[in-house]
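Student: Residue numbers (our numbering), protein chains in the order written: chain R, 152 to 315; chain S, 3 to 340.
There's no promise every hint is true.
[What the hints assert, rightly or not] 16 Å max Cα-Cα, derived EDC-like pairs, lysine to aspartate or glutamate:
1. R:K186 with S:E59
2. R:K186 with S:D78
3. R:K178 with S:D180
4. R:K186 with S:D64
5. S:K181 with S:D169
[Claimed, not checked] Here are a few chain S residues that sit away from chain R, every Cβ distance over 12 Å (derived from the structure):
6. D64
7. Y96
8. D118
9. I121
10. R156
11. E160
12. D180
13. V183
14. V189
15. F191
16. L218
17. K231
18. S236
19. T276
20. L286
21. F295
I should point out that these hints are in silico values taken from the structure, not numbers from a laboratory. Virtual Cβ for every residue (Gly too), placed ideally from N, Cα, C.
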Amino acid sequence: MELLNPGIGLIFWQTATFLVLVFILGKFAWKPILKAVQDREKSIESAIRQAEEARKEMASVKADNDRLLAEARSQGEVILQEARKNAEAYLAKEKAKAEETAHRMIEDANKKLEADRLALRAEMKNMVAELSVDIAEKLLRQQLADKSAQQKLASTLLDDIKLN
Amino acid sequence: MIQNHALKSFKALLFLVAGLLLTAFNPVKASSGAENNGEEKFNIGDMIFHHISDAHEWHFWDGATLYLPVILHTPDRGLEVMSFHHFHNETSSYDRYHYNHGHFTVIGDESIHPIDLSITKNVASLLLSAVILLLVFFTVAKGYGRSLVPSGLRGFMEPLVLFVRDDIARANIGHGADKFVPYLLTVFFFIWVNNLLGLIPGGANLTGNIAVTLVLSLLTLLITLFSAKKYYWSHIFTPPGVPLWLYPIMVPVEIIGIFTKPFSLMIRLFANITAGHIIILSLLGLIFIFKSFAVGPVSVAFSVFMNCLELLVAFLQAYVFTLLSAMYIGGAVEEHHH
Chain R
152 MELLNPGIGL IFWQTATFLV LVFILGKFAW KPILKAVQDR EKSIESAIRQ AEEARKEMAS
212 VKADNDRLLA EARSQGEVIL QEARKNAEAY LAKEKAKAEE TAHRMIEDAN KKLEADRLAL
272 RAEMKNMVAE LSVDIAEKLL RQQLADKSAQ QKLASTLLDD IKLN
Chain S
3 MIQNHALKSF KALLFLVAGL LLTAFNPVKA SSGAENNGEE KFNIGDMIFH HISDAHEWHF
63 WDGATLYLPV ILHTPDRGLE VMSFHHFHNE TSSYDRYHYN HGHFTVIGDE SIHPIDLSIT
123 KNVASLLLSA VILLLVFFTV AKGYGRSLVP SGLRGFMEPL VLFVRDDIAR ANIGHGADKF
183 VPYLLTVFFF IWVNNLLGLI PGGANLTGNI AVTLVLSLLT LLITLFSAKK YYWSHIFTPP
243 GVPLWLYPIM VPVEIIGIFT KPFSLMIRLF ANITAGHIII LSLLGLIFIF KSFAVGPVSV
303 AFSVFMNCLE LLVAFLQAYV FTLLSAMYIG GAVEEHHH
């Protein structure tokens, strides 16, 4: 059958044309196309990788920031606590000092008061003694105004002496 | 492969439908046949055969025929170029050559067999397709110099190029596939473009010509053989798991197997494309058989449908040829794994 009988002419032309096509397309079409596609694939890949790296870096920077912030916060806390402690200690010290001063002042006042009281008592004692002497004088003068009373006293005194 | 099979059976079904139509319209044919007894009888077989065969002229329509150059090589005169215009009949003579249904002989000396290297319709179509391929892919390649982002023609071609590279070459050849990508790309686009050119009315039946598919499958065979690794040959000459006494049977079978693969490639492409052309021509031929306007719309509807199907087949056969080539090459370059 004619259809199944390959003609030499077409075999020749087909071989020649096809090989030329493979060569020329391979060199001037497939090579640049495939290279461009590969380059693009690589650039996309590297862009994705860079984005991933940037993301990781961002995450690490954020973690750093967080850490620094936490550190600063805790440091602040420490400082604050110390300040509070210092303030408390200072306050306590001042309070103690004030208390001591007050105490001393009260003590001083008390001492003074005591001294005053003692002085007053001594004075009062003297005054009472004087008054008593005065009163006793006046009483004695009154009681011993008449003769009989003087005699009676003398006799009593005498009696006492006898008893002794 | 399964799709291919389905298409084949679909084609068979269409043949059946066409056959049924033929019997249904039989009375029309009988009456019209009786009226036109005097005219030359329309022979659909000749018409179809004429259309799917190669020719020395490109007949576009009556009155518009391009006579192509005839190139003959004879031992005594070397290369000779002449226009087919001088022959133009099915049997005619010019100079010392006699032309008879596609064959040239030397008048008076039967011992000289001229080698026919003429630019036939198929060769002209082949060269046209080469120009188209070069134009298209030079344009595509040039585009990448400007920008890496594809658009327009590149946007259309790039997925196909990547499809051949990734899904055909890399998927079936594996390691070292990129070496074979240029060949596979060329095969794929060559077959596809020529399949499509063949579908244009008046176009040549290039990929449905056995010489073309022979060359393509031979190239695949040569690439397979020359890139074959030790593992491939050891598989053929010492088939694994086969007892020694079966070797005299198995080794020849394996050797035949080397050639049946490209042979199937050759036949598949040739038969699919030729069959498609035959179906469309048969459907249109019904009009001339019945000589009735009533058949026209049915015929045209069917052949439009078949043409659409052939557009799919054009791509599918290019894909199948490339895929199977890649698989054969992949089988040859496979390394021993355990």
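Student: Is the nearest CB of chain R more than 12 Å from the CB of I121 (chain S)?
Tutor: 8 Å, violated
Student: Grab the minimum beta-carbon distance between E160 (chain S) and chain R and tell me whether it stays above 12 Å.
Tutor: Its Cβ does come within 12 Å of chain R, the nearest being 7 Å, so this is violated.
Student: Test the statement that F295 (chain S) is away from the interface with chain R: the closest C-beta pair must be farther apart than 12 Å.
Tutor: Check passes; 33 Å lies beyond 12 Å.
Student: Below or equal to 16 Å on CA atoms is what counts here, so check K186 (chain R) against E59 (chain S).
Tutor: 42 Å, violated
Student: With d taken as the least Cβ-Cβ distance between L218 (chain S) and chain R, does d exceed 12 Å?
Tutor: 7 Å, violated
Student: Does K231 (chain S) clear chain R by more than 12 Å, comparing its Cβ with all Cβ atoms of that chain?
Tutor: K231 (chain S) is indeed farther than 12 Å from all Cβ atoms of chain R, at 23 Å.
Student: For S236 (chain S), is the shortest beta carbon distance to chain R beyond 12 Å?
Tutor: 30 Å, holds
Student: Is the Cβ of D180 (chain S) farther than 12 Å from every Cβ of chain R?
Tutor: 8 Å, violated
Student: Is the Cα-Cα distance between K186 (chain R) and D64 (chain S) 16 Å or less?
Tutor: Judged against 16 Å, a Cα distance of about 49 Å means the pair is violated.
Student: Check the non-interface label on V183 (chain S): least C-beta distance to chain R beyond 12 Å or not.
Tutor: Contrary to the label, V183 (chain S) does not stay out of reach of chain R, its closest Cβ about 7 Å off (not over 12 Å).
Student: Does F191 (chain S) sit more than 12 Å from chain R, CB to CB?
Tutor: 8 Å, violated
Student: Taking the shortest Cβ-to-Cβ distance between V189 (chain S) and chain R, state whether it exceeds 12 Å.
Tutor: It is violated; V189 (chain S) is separated from chain R by about 8 Å at its closest Cβ, not greater than 12 Å.
Hints 1, 2, 4, 8, 9, 10, 11, 12, 13, 14, 15, 16 and 19 from the earlier list are contradicted by this structure; the remaining hints agree with it.
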